[in-house]
Structures are given as structure tokens and as C-alpha cells.
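Just need the whole structure built from these sequences, with the hints factored in.
Going down the list, the sequences are from chains G and W.
For the first sequence, our numbering gives the first residue as 1, with consecutive numbering after it.
For the second sequence, our numbering gives the first residue as 469, with consecutive numbering after it.
If you're looking for bench data, these hints aren't it; they were derived computationally from the structure.
Bear in mind the structure is a predicted one, so any value in this text is a computation, not a measurement.
Yeah, the Cβ is synthetic: ideal placement off N, Cα and C, and Gly gets one too.
Any given hint could be a false lead.
[To be verified] According to the in silico footprint, chain G covers these stretches of chain W (three or more CB under 8 Å from chain G): (1) 657-669; (2) 858-864; (3) 916-924; (4) 991-999; (5) 1005-1014; (6) 1017-1029.
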Amino acid sequence: MNYNRRKFLRRVSAGGLAYALSRTPGTVWGQMAGAGGFGEYRALVCVFMFGGNDSWNMIVPRTTAEYNAYKSARGGEQVVGVSTSGLAVPFASLLPIDPIGTTGAPFGFHPSMIGVQQLFQTGKAAVVTNIGPLLAPTTKAAYAAGSANLPPQLFSHNDQQDQWHSLRGRNVSKTGWAGRVADLVTSQVPNQQLAVNLSLAGNSYFQAADTVSPYVMGTNGPVAFAGFAPTTNATNVARRQTVEAINNQTYGTIYERAFAGVTKRAVAFADVVNNAINAALPLVALPNSNTGLSSLEQQLRTVAKLISQRATLSMTRQIFFVSVGGFDSHDDQNNDQPALLANISSALSRFYAATEELGVQNSVVTFTQSDFGRTLTSNGDGSDHAWGGQQLVVGGPTALLGQRIYGTYPTLAINGPDDVGGGRLIPTTSSDQYAATLAKWFGVTDAQMPQVAPSINNFTTKNLGFLV
Amino acid sequence: MARSIKIAQLAIAGFLVFVAGCSGGAGSSSPPPPVPPPPISKIEAYRFLNQATFGATDAEAQRLIALGDSTNSYSRWLDEQFAKAPSTQLPTVVAAVPNPIPAGFNIGSLHAQRVEAWFQNVLNGDDQLRQRVAFALSEIMVVSQLGALANFPLSLADYHDMLARDAFGDYRKLMEDVTLHVSMGIYLSMLGNQKPNPALNIRPDENYARETMQLFSIGLVELNVDGTPRLVNSQTVPTYDQSIIEGFANVYTGWRYAYPGVTLFANAGRATLTNQVQPMQAYADQHSTGTKKLLSYAGAAVTTIPAGQTPAQDLANALDNIFNHPNVGPFISKQLIQKLVTSNPSPAYVARVAGVFNSDSQGRRGNLQSVVRAILLDSDARSAPSAQTAGKIKEPLLRLTQLWRAYGARAASGKYTATAPGFPSATFAQGPLQSGSVFNFFSPFFAPTGEIANQNLVAPEMQLATEYNNTQIMNFFWAQAIARTTAQTGLGADVVVINTTQEQAVANDSEALVNRVADKLLGGQISAELKASVKAQVNLTATTVPNTRVADAIYLIATAPEFVLQR
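Here you go:
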């Protein structure tokens, strides 16, 4: 990217969007070809489960020996409603799945995840197992000897969230991997009316970029400016211009400049995005009524509506960030986890169905991230912070090679080959490999990949292969 | 704006001249008549009060100025504040508990009374500094209504009252009060934490052990006294490892609800209205009795707890061990500076305050009253700000409370939060003790894309400044300015109105109107550009519609970056 290009991008991201906004919507395809950009629409949707999902209860082995090891490590089977019983999901309640290839061993989903089980069995979902932040392949021996090159502050919430978001390892980085992807691809999608990165869940390190600011809206999209309407009143129109003028002033502090930048983007985009969402047709899978829809499902409904308006907004590449909290199950895990996982399952399957309604199921890949996996051992009524865990990827059959478990399913045993103590498992697949696989599909080149996933060259497998 | 800064600089210069004159005058044969120190300016008063209260007001600025001169006004104001008794929340919430409690009563609904009490205290309480420091502490030692404490409004009200009581006290006592509070016990799951049971692969819960060190006391890496990371071979040095987490996790075992006279852990698992506002009680039968590894650092008294001590002995050893770690001074001092004065304090500023934390003028460690005084009287807090990094963004709740305090906001019913469910968090993305996680509404390390991140600076409160949140808050302020003022009639008894009588009186004169609003909200310090923009907008509306003219002036200034900035 040459200097002039960067300068141009910076100007655009700083709010000089008159150019992007002035073009006639709806002609994106022809222009894309002319611009040398991407030919087809693609979107990544990150579902972040804040708190650290106890994913060893999400996909469980069903061979006798492996299940028994798991049950023992988790202090025995759960008794429904008894928080102090063991943490293991009862064998009989597991929802069986038949993964293609890999070990061929039978597995099962948590009983509250019937939606995801069905997606998996029909090839529309995949599991990436024993994954977590790594700087290089790491052995138990090296870990014990203190010679392993490790991400800093393992087992700490915000630090490990930061690792998933940024893949920074031990480097200082102010950007997240989605932010860096946006920095790399924005030059190829110059006609997009909105930033590559859109968040339904606040500011995130994941989307922080060097040049291209993400745009943050609420669960149901942006809100309109109350003082700027109706526009039939000239004073209201002028009020908008006055707000823009005030935020375009030259300010003496970094704080005023940053704040003004956000407000300028808010003013510039509120109507554009609201009009798009309002123009979207209702979805059967994620209906307009909020009744029975979780916050996560409402966020994903807004995502689906914006995707449906991709032509109007001239969008070719989008990364959405949605999130759900409550996964830090130190306490009362047996009572809390079923609803947490049911929500994930319902949200992922409803959103996938919405993409089928829109005919974009092969253009949209949804993936989960979470702080860390949790300890296999119990603290009496819950589990604590650990390291490797399992993640889900959802997409249509020509995008995703589904019904498979990627990575190496670990031995779920205390003092097993991957356990560094208390059932904290060393990941055997890295977050960098996961991000690189997603970014490659999105359009990042192999040469650019170390900018997105800085440790990727430390791993032999640079693409986990779950995306076509 | 240029003129205003000049005035402020003159005031400081005058102060320095006076001091120099005093010390130099002793040897002179005919000393010049002493120049009386000037009073502090209104701009200076506003700056100080925005650091030390929930929003500067005309009246409080005038009172502060009248307390003395530039050498003693601030100090006298602080002395007054240190002596104020804390405003409380718990009695308000307790009074709202129905007696008898009807079947099916949702006790969680009483959080509304807790939030209402917070607004009453921070808007009208005279212990402004204490409440402001308690608010800062509530964003460091975080507990939240969202999650496991949804049904503990009494306990959370008591937690905030505890922070207010301890705000000018001893940090070691604060650590212990926090550790044993039922709210923290539930939130970070120390309450009910049991000793190991190897047969079932059960080990103690590590949640509180980890977060109390990471967030409430020492942080993740060793610090110099100026708050910068200590580097060895250009690498940071971790303050603890997993084995130390496990040591502390074992310390924090055996604590549950207080049941005086009860000795068995198993019999103390039920919360009541009474025991949720009492410190947790120790139950030795579930306390881990083995040795426990603590933090090692130069001068640490106990680095391994011997086997067989009582829960209380272990806790005392453990909290002493954390409290005396050299990181606590810089770690806590820097965060308090960031909450009260500036997001990017100079290392020298942090070092001066941390020095006071480590040993105040009486030789006491962790005296928060001395620390708060040092933060607010420091030259970096008091001399006229000129650096591009000076000051901070006001977090959303503080923008609201400042507007409301400056405009004497009140409802006929006297309530502040009765009109809208979910107020204030639904609009302002935060509310008292309503963080989404123990990591607070915003991280002390947050840096928005652009020059702040590029220069390795931070703007923590910017984490809440999303396009969405900025719009929501601007819309609230528009609704307040256009439709919820003393100029409107027929509003409901619970509608909070701002008093715009003075603005209405000068509404036909845009210059006077804008000056009046700038006086109240900015202490008179308004840029020429902002003033011109607001005047032009005001003048678009005929003087026959004074309400819109007044609304534009208030809305545009209260949402301008100049108001959002805490100088």
C-alpha cells in the first residue's frame, strides 16, 4: 500500500465520506470489477462469548474410555439442579454427532445445543478443538521446564481476550486482527459506504485498526438524531450542520479530537444505516418481534438485515462483531451453563437459517471466540480459568467443510499429556491458525497473512482447511 | 479561549511571584509591601470542582473562590470535604423493603431504589469529594448488579456505602472490607469457596485470588514507583504466577454468610436480608489448612503461610502481603489520578502521588485521604493545562450529573430515576455498580484508533464513546433542553426538569444567552468557534420562540467536545 493510498484511507476514515456517500447506490458489482477489487460479497461474523466458555462440556467424547476419563476429571456426572455435584455432562443426555474423517470417534453435543447439533450433522457447522492462544507449538515438557514461548498472562480474562482479539503475543499492538484485515482490504473496496468493521457490541480490541475505524451501533442498529428531524424544518437541518461544524473545529487535546471523530461518524452514518435496516424485509428465522429473542439473536438479526442491504450500501467485505456474556462459570455452573449454551445454539442456528433466507449462506461465515477454555477440575460448584478450548464455525456448504472436528481432540484427563495442572490443557491449534484460515477466505493473501496473524509462520499448518 | 488561558496563567504567575517575594524579602532593608495572593479564577474553580465533585456549579465555584486565595482555597475546601459524613444508600433501600414481604416479591426490583439513592447523593449530597472517590473506587474494585448480584440490592447499596466510608481511610482496611463483603464474595465467588477435595478433583476457586491482585492492588507486572513497568533485559516482570494464585485461592476458603454461633460451613449457605450486609464469617471446617504460597518481594514479611492457621490469620497474612507489595502505591495512585484528573499522567505525577501512598507526612502507608489530597493539589492538576494530553474525557454519567447539577435539575416528586425503566444505563451505557464485568465499563488501557493509539497514550472513557452511545446521549440532552425544562408546563411529577429561568430571561440576546450557558457549563471558558456556531444556530429561530433558542444553546454546548473534555 503506497503512501498516497494510506493518506486517502486516513482521510476517509476520519470522516471525509462525502465521496463514498455521494455515489449512486446499487451499482456496486460493475464498479467493483473496475476497481480491481473482490468480485463477490463475503462477511465474517464473530460471536464472542465473554467470560470463558466451558467448552469441554460443549462437545464431549462418547467412547467409553474417553468419556470415563472426562467424567473422572470433572468430578463425576452432574445431578440436575445440584450445583455441587460433578461437572460432567451425563453420557445419556449427550446429543450424538458423527464427525467425518478425523479420528472417527463418536462425540456428542451438550443436550441444550440441538440447533448446532443439527447444523453439524447437515454439514453446516464445524468444531475446532483444543484451540487457544499460542506463539508456537508448545509441549508439556517445555511448559514445565519454563522454556516454552508463551503468550503473556495465561488464564487471565482480559489478557486472553486480548490475545484472541489481537494475536499480539508478547508484542505491543494497538490493533486487533479484524482491524488489520480491514486495513488490508479497505483499499480493494473503495466504494463501500460503511467501514469493513461493524460492531453491535461496543468498542472492541478485535476491530481496532491503524487507519480504518470501526463503526459501532446498538443491538438494533443506530439511533437517529432527535434534534435533526424532521428535515422539512430548516432549523433542524441547520442544527445537524452546526453539530458537524462544532465537531470539525480544531481542538487542542487528543481527547476532544477523538471524541469529535466519533460524533462526526455518528452524524454521517445514522440515517444511512437506519434507512438500510428499515428497508430490509422481515426474516422468518429472526422475526421483528423481540419476543423470545435473546440479545445475541437481536444483534444477529441486525447483522442479517444489514447483509441483506449489501448492494444498497455497496458492501463487498464486512466483519461483524456481536457478543454475549455470562460465561465465567466459577459458581453454579451446572445450573447456569445449559441456558448459556442453548442461547449460542439457538442464535447460531437461527442466524444460519436467516442467511439461507437471504441466499447468502455461502457468503457468510460465523465463528465463535471466547477468553479461554476452563479447568477440567471443579472448584466445588464451577470451573476456573484455563487455556485450550473448543470453538464453532458455521457456514453454507460451498464455503464450509462442515460436519468435521478440526484439530486434535485432547485427552481429557488430569495429568494427561496436555494438562499443565488442574485440567488446564495446552492448545494444539492456535488462534493464529484460526484467524489465518478465516482471513484467507476473506481475501487476505498469504504474503499479507503475517500482518494479520503474527505467529502464523511458527506453525506448519497455515490454513486449518475448514473453509473452501 | 486564548484570553481565558492567559487569565489562568496570570493567576499562577501571581502566586509564584508572591511566594518568591516572601522568601526573598527577609534580607531586604526596605521590603516592598506584600502583594496579596490573588483569588483563584472561575475557570480554575471549575477545573478543580470537575475533578473533585459530580460537576462544577456556579454556586460552588463562587464558594470555593471565597474560601481564600490561590494559596489556600483548594486546601480549605478539601479540609471541609474530608470532615463531611458520608451520604448513604442502604437506609433508602431498606426502607423500600415491604413488610411483610409478599409472596413472589421481586427483591431485585429494589435496585431502582439503590440507583435513585446514588443520584440523590451525588447530585445533592454535600460529601461530593467522598462520593466522587467512592465512585472511582467502584470502578476499580468492581462489583455489579448485572449477574449473580441481581437479587442483592441491599448488599450492593451497603458495598457502595462501605466504599464511601473507606474513601478517605486506610487502603489495607479497604482491601479487607472489600474482601469480606458479601457482594464481592458473591461476585468473585469467594463466598462458599471450599478446601480441596483431591478424590473428586476439586480445588479452591481462583477467581477472587486472581482478580484482587490483577485489578484491585498490584496488577500483572512489576512497576516502578512512577507507574511505568520495571524492565529486566527490556522485558516486563510478572508479579505472580499460577502457584501464587493457588496459594491465595487456598487462603480464601471457608468463608460464607455470617451466622453468629454457627460453626459448620454447610449450615451457612443461605442469604438473608441481614447477613447480606454483614461481613462474611469464617467456617474452619471448609478452610484449607496447608501451607500457602504468597507474593515474594523485597521486604515481604510472610511469603509462605504456615499450615494450621485459622482462616482469619491466613487472611491477615495474605492481605498484609498484598498491601505491602511495592506495586500498590503506583498501581492505585495512577488509577485514581486517571479517574479524577487525567488519563495520561506524567510519570513524575504518579511518582509524587505514589510516594504519598507509600508514606504520607505522618509516615502512614495507604492513607487515601493523603493520596486524594496529593492528587488534587499536585502542580499537574492545578497549573493551567497546556499539553495536548492534559485532562480526560468525562464519562457519560459525569456529563449527566454535571449538566443536572449546573442546572439545578429536579422533578416535582423529588426523584431522579422514576420516569424510565433502565435509566441511566439504557441511555448512558453505565449506571452505579452496573458494569458488565469486573473489568469495569472501560479499561484503563483503552486507546482509540488514531493518534492516541499511535502515540501509546490512552483514553479509557473513550471506550464508551461509540457512535451509538454518543448519539443516545446527545438525544437525551436534546430532549432535556427542548422539552424538560422549567419553561414547560404540564409535565409529569417524575420528569426531571432543568431550571432555565436565567436563560429564558436573555433568550432574545444570543450573545448573552450563549455566555450564560457557557458560564454555567464551562466556567466561562468557551472557544470563539463554538460560541460563533452556537450563536448562529440560536439566531435561526425567531425571538418569539425563546424555548428553541435556549434549547439550542444548552444542547450544542452540553454535547460539544469542549464540555465532554474534563480539562
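Results for each hint:
1. For the stretch 657-669 of chain W, the assignment as covered by chain G holds, since 7 residues bring a beta-carbon within under 8 Å of that chain's beta-carbons and 3 suffice.
2. With a cut-off of 8 Å between beta carbons, the stretch 858-864 of chain W has 4 residues touching chain G; three or more are needed, and the interface restraint holds.
3. Taking a C-beta to C-beta cut-off of 8 Å, the stretch 916-924 of chain W contributes 9 residues in contact with chain G, enough for the three needed, and the coverage statement holds.
4. Residue count for the stretch 991-999 of chain W with a Cβ under 8 Å from a Cβ of chain G: 3. That meets the three needed, and the coverage hint holds.
5. With 3 residues carrying a beta carbon less than 8 Å from a beta carbon of chain G, the stretch 1005-1014 of chain W meets the three-residue requirement, and the given coverage holds.
6. Counting residues of the stretch 1017-1029 of chain W whose C-beta sits closer than 8 Å to any C-beta of chain G gives 6, which meets the bar of three, so the coverage hint holds.
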